[in-house]
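Read off the chains here:
Number of protein chains: 2
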Amino acid sequence: MNKNFDLKAKSGLARAGILKTRKGDLKTPFFMSVATRAAIKAGVSMDDLENIEAPVVLCNTYHLHLKPGEELVEKMGGLHEFMKCDKPMLTDSGGFQVFSIKRKKITDEGVWFNSHIDGKRIWIDAERSIDIQHKLGADMIMAFDECPPSRLQNRMEPPSDPAEMKAWKRRQERKLYFKIKKAVERTTAWAKRSINAHTLRYDLSLSLTERPQLFGIVQGGCFKDLREQSLKEITALPFDGFAMGGLAVGETNEVMYKVLDEIAEKLPADKPRYLMGVGTPRDLIEAVSRGIDMFDCVLPARNARHGTAYTWNGDVRITNKEFEASKEVLDKSCACPVCKNGDGYTRAYLRHLMNVEEELGKRFMTIHNLAFYHDLMRTMREQIMADTFEEWKEVTLNQL
Amino acid sequence: MNKNFDLKAKSGLARAGILKTRKGDLKTPFFMSVATRAAIKAGVSMDDLENIEAPVVLCNTYHLHLKPGEELVEKMGGLHEFMKCDKPMLTDSGGFQVFSIKRKKITDEGVWFNSHIDGKRIWIDAERSIDIQHKLGADMIMAFDECPPSRLQNRMEPPSDPAEMKAWKRRQERKLYFKIKKAVERTTAWAKRSINAHTLRYDLSLSLTERPQLFGIVQGGCFKDLREQSLKEITALPFDGFAMGGLAVGETNEVMYKVLDEIAEKLPADKPRYLMGVGTPRDLIEAVSRGIDMFDCVLPARNARHGTAYTWNGDVRITNKEFEASKEVLDKSCACPVCKNGDGYTRAYLRHLMNVEEELGKRFMTIHNLAFYHDLMRTMREQIMADTFEEWKEVTLNQL
Numbered sequence: 000m001n002k003n004f005d006l007k008a009k010s011g012l013a014r015a016g017i018l019k020t021r022k023g024d025l026k027t028p029f030f031m032s033v034a035t036r037a038a039i040k041a042g043v044s045m046d047d048l049e050n051i052e053a054p055v056v057l058c059n060t061y062h063l064h065l066k067p068g069e070e071l072v073e074k075m076g077g078l079h080e081f082m083k084c085d086k087p088m089l090t091d092s093g094g095f096q097v098f099s100i101k102r103k104k105i106t107d108e109g110v111w112f113n114s115h116i117d118g119k120r121i122w123i124d125a126e127r128s129i130d131i132q133h134k135l136g137a138d139m140i141m142a143f144d145e146c147p148p149s150r151l152q153n154r155m156e157p158p159s160d161p162a163e164m165k166a167w168k169r170r171q172e173r174k175l176y177f178k179i180k181k182a183v184e185r186t187t188a189w190a191k192r193s194i195n196a197h198t199l200r201y202d203l204s205l206s207l208t209e210r211p212q213l214f215g216i217v218q219g220g221c222f223k224d225l226r227e228q229s230l231k232e233i234t235a236l237p238f239d240g241f242a243m244g245g246l247a248v249g250e251t252n253e254v255m256y257k258v259l260d261e262i263a264e265k266l267p268a269d270k271p272r273y274l275m276g277v278g279t280p281r282d283l284i285e286a287v288s289r290g291i292d293m294f295d296c297v298l299p300a301r302n303a304r305h306g307t308a309y310t311w312n313g314d315v316r317i318t319n320k321e322f323e324a325s326k327e328v329l330d331k332s333c334a335c336p337v338c339k340n341g342d343g344y345t346r347a348y349l350r351h352l353m354n355v356e357e358e359l360g361k362r363f364m365t366i367h368n369l370a371f372y373h374d375l376m377r378t379m380r381e382q383i384m385a386d387t388f389e390e391w392k393e394v395t396l397n398q399l
Numbered sequence: 000m001n002k003n004f005d006l007k008a009k010s011g012l013a014r015a016g017i018l019k020t021r022k023g024d025l026k027t028p029f030f031m032s033v034a035t036r037a038a039i040k041a042g043v044s045m046d047d048l049e050n051i052e053a054p055v056v057l058c059n060t061y062h063l064h065l066k067p068g069e070e071l072v073e074k075m076g077g078l079h080e081f082m083k084c085d086k087p088m089l090t091d092s093g094g095f096q097v098f099s100i101k102r103k104k105i106t107d108e109g110v111w112f113n114s115h116i117d118g119k120r121i122w123i124d125a126e127r128s129i130d131i132q133h134k135l136g137a138d139m140i141m142a143f144d145e146c147p148p149s150r151l152q153n154r155m156e157p158p159s160d161p162a163e164m165k166a167w168k169r170r171q172e173r174k175l176y177f178k179i180k181k182a183v184e185r186t187t188a189w190a191k192r193s194i195n196a197h198t199l200r201y202d203l204s205l206s207l208t209e210r211p212q213l214f215g216i217v218q219g220g221c222f223k224d225l226r227e228q229s230l231k232e233i234t235a236l237p238f239d240g241f242a243m244g245g246l247a248v249g250e251t252n253e254v255m256y257k258v259l260d261e262i263a264e265k266l267p268a269d270k271p272r273y274l275m276g277v278g279t280p281r282d283l284i285e286a287v288s289r290g291i292d293m294f295d296c297v298l299p300a301r302n303a304r305h306g307t308a309y310t311w312n313g314d315v316r317i318t319n320k321e322f323e324a325s326k327e328v329l330d331k332s333c334a335c336p337v338c339k340n341g342d343g344y345t346r347a348y349l350r351h352l353m354n355v356e357e358e359l360g361k362r363f364m365t366i367h368n369l370a371f372y373h374d375l376m377r378t379m380r381e382q383i384m385a386d387t388f389e390e391w392k393e394v395t396l397n398q399l
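Quick mapping for you: the protein sequence lines, in order, are chains A and B.
Per numbering that gives the first Met the number 0, the first sequence starts with residue 0, numbered consecutively.
Per numbering that gives the first Met the number 0, the second sequence starts with residue 0, numbered consecutively.
If you're looking for bench data, these hints aren't it; they were derived computationally from the structure.
You may find that some hints are simply not true.
Given that identical chains are not distinguished, each listed pair holds provided it fits within a single copy or across any two copies.
[Unchecked claim] Below, computed lysine-lysine pairings styled on BS3-like, alpha-carbon distance capped at 27 Å:
#1 K40 <-> K339
#2 K74 <-> K86
#3 K22 <-> K320
#4 K339 <-> K104
#5 K119 <-> K223
#6 K326 <-> K66
#7 K83 <-> K339
#8 K74 <-> K134
#9 K40 <-> K66
#10 K40 <-> K83
Given the sequences, and given the hints that come with them, work out the whole structure.
Written as structure tokens, this is what we have:
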């Protein structure tokens, strides 16, 4: 087996398929539950993920490299064994976290940065990222890329004079363009080095049930020509799938959708397409409608911990006074262990738990929000299979 | 049914029995999992308790009175419905928490104290405590008692001269004696008022499957004559069970065991005996061997959150370097969802979770420690039924 993606149906540009991995098949589109440090936050366990039929888990290379270290994880039999997780697993390259650290030194070779834990100086480059990911042992791993910010960080205040402001903005845009152009070039160079590092350990002709898959990342910010350049260069390489990076990093939703309009459909149709770090339920629907297959995001879990639950009838801010004595569950149509299709925990109870800062509240809210995301993905797949996606999308976006 | 306790077997003074409640029968001796604010800490859910066969839950009246308030809990159908807990449940009287607050004013009528949340001035007395507990809806409720400290709080430093010190200590002991004597008298008066308040709502001749049971509390500190006075006065009242209060409040284990030696066997044999707020596994074994049936304590959960796991081979300090790459579970003989009789999560993984402060680590440690406590209680019951308790006790205390 050397084909990892079977396209089963299309509805408009939206795709439903099967992504094959060495830990089993994944139905696309899907959302990956984020287990940053080899655990979902708020005490959510693998059993909890099992209960909500979460298909796949993502872990963060940067965090695991710092603690407990990839050597230990490898010694313990890899992440699957360490976490007791038998689901397919993806690790990121560590790049995104490294590039969001303030004090770092980027060269064409790689990046020096300081650990956020103890300030220790650490070197990471394509070879090291791939090596760490091999040792962690995920089923899908990511090439090391440069992920630049969507806006420049300026030490100087922008000018207050409107005319000067205009010129200043043009200069900023130009500076950003060249910064991202440089990032695109490095990302291509590092993509090649990532593939070389990968093939040192795994023969790419090996069956995809026997080796981890390597995904390439397309950069280019919000500049159409740079995106197209990156797309052309990255998709020319023998990756097993392709990701869109450098989105959801501060730009507006509209800009992100526009980039997807310009680029997503140009990604190879016979490979899985992954939009990294996205997003809200609305974002997922818009991205699926533009042909994206895979997602990950900390948003549903983070919002859960901060008291916002997603439902098919819009967001519920659980600490609101109106839910003080509410006997309703978060979402009657939700089969998660918190809602139990209406027989589960009341909004009043969840509100109490969040108000007194009981961890159980955060855990329950997280379980529900992840369940909602997986439910959303399964629903989209059904609508694609039935070729009713666009009608469904219109109705659903009005309800959410 | 108006008899709530069936004694099934004795081994030495240790007792095995059945405590009948309106939510089902409880096998004694048992340990109550503490769900202070209508939730076990660290995100442990009712499903988790089900998995470790936790028989019964204790909630704290003081905390629930402050948030969310007993009126709301009653409106939501009582604690069982609010928490989705169908196990028998006990609430304390709130006294213990109130008496551990620094700024309070105790009179013969009751206590004024300030809420630890917002400083609001609150009045509690026997009638109010019983009313709150009725509204919370537990199956076993506690009379309101005065729980004095085991030592006096002194504003003045003790004298440094050894002769003066001796006289000072005598004066202190004398002052403590009269303080505890006063508490014993108030506890008896409040016990009568608690019964009156209880009978206003529930006819004591009602079947015990139809009404909550009311437990009296014996005070008297570590003074034998005061304990005996309190015991005589409290056990003369028509309570459904009797608790020992004012222990595990700072005195040494030896002093506590001595008090139990003097008092426990004088508690009515046909009623359940409850040692409040105790203790370590060793304490539980020593207390059961002296005829105690019921326990609650925050210790196993608190120690779990701070990284100490109980096992049949002694405590495991999980963050110790020695467990860095340990593929062992916490306790191979433990059937809890964390240990799975040896197939569960490794010490290395738990150590990692605790080191990076993932809530999942605290949850897993708590589940294990509670499972260990319940296992300990079930084992003691078996040993009592087989009349091998004393031999087992000797062997076990050497291993723990």
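Here's how the hints hold up against the structure:
no. : hint          : in the structure
1   : K40 <-> K339  : both (22 Å within a copy, 22 Å between copies)
2   : K74 <-> K86   : within (20 Å within a copy, 43 Å between copies)
3   : K22 <-> K320  : neither (45 Å within a copy, 32 Å between copies)
4   : K339 <-> K104 : neither (50 Å within a copy, 47 Å between copies)
5   : K119 <-> K223 : neither (38 Å within a copy, 61 Å between copies)
6   : K326 <-> K66  : between (42 Å within a copy, 17 Å between copies)
7   : K83 <-> K339  : both (26 Å within a copy, 12 Å between copies)
8   : K74 <-> K134  : within (9 Å within a copy, 55 Å between copies)
9   : K40 <-> K66   : both (15 Å within a copy, 26 Å between copies)
10  : K40 <-> K83   : both (16 Å within a copy, 24 Å between copies)
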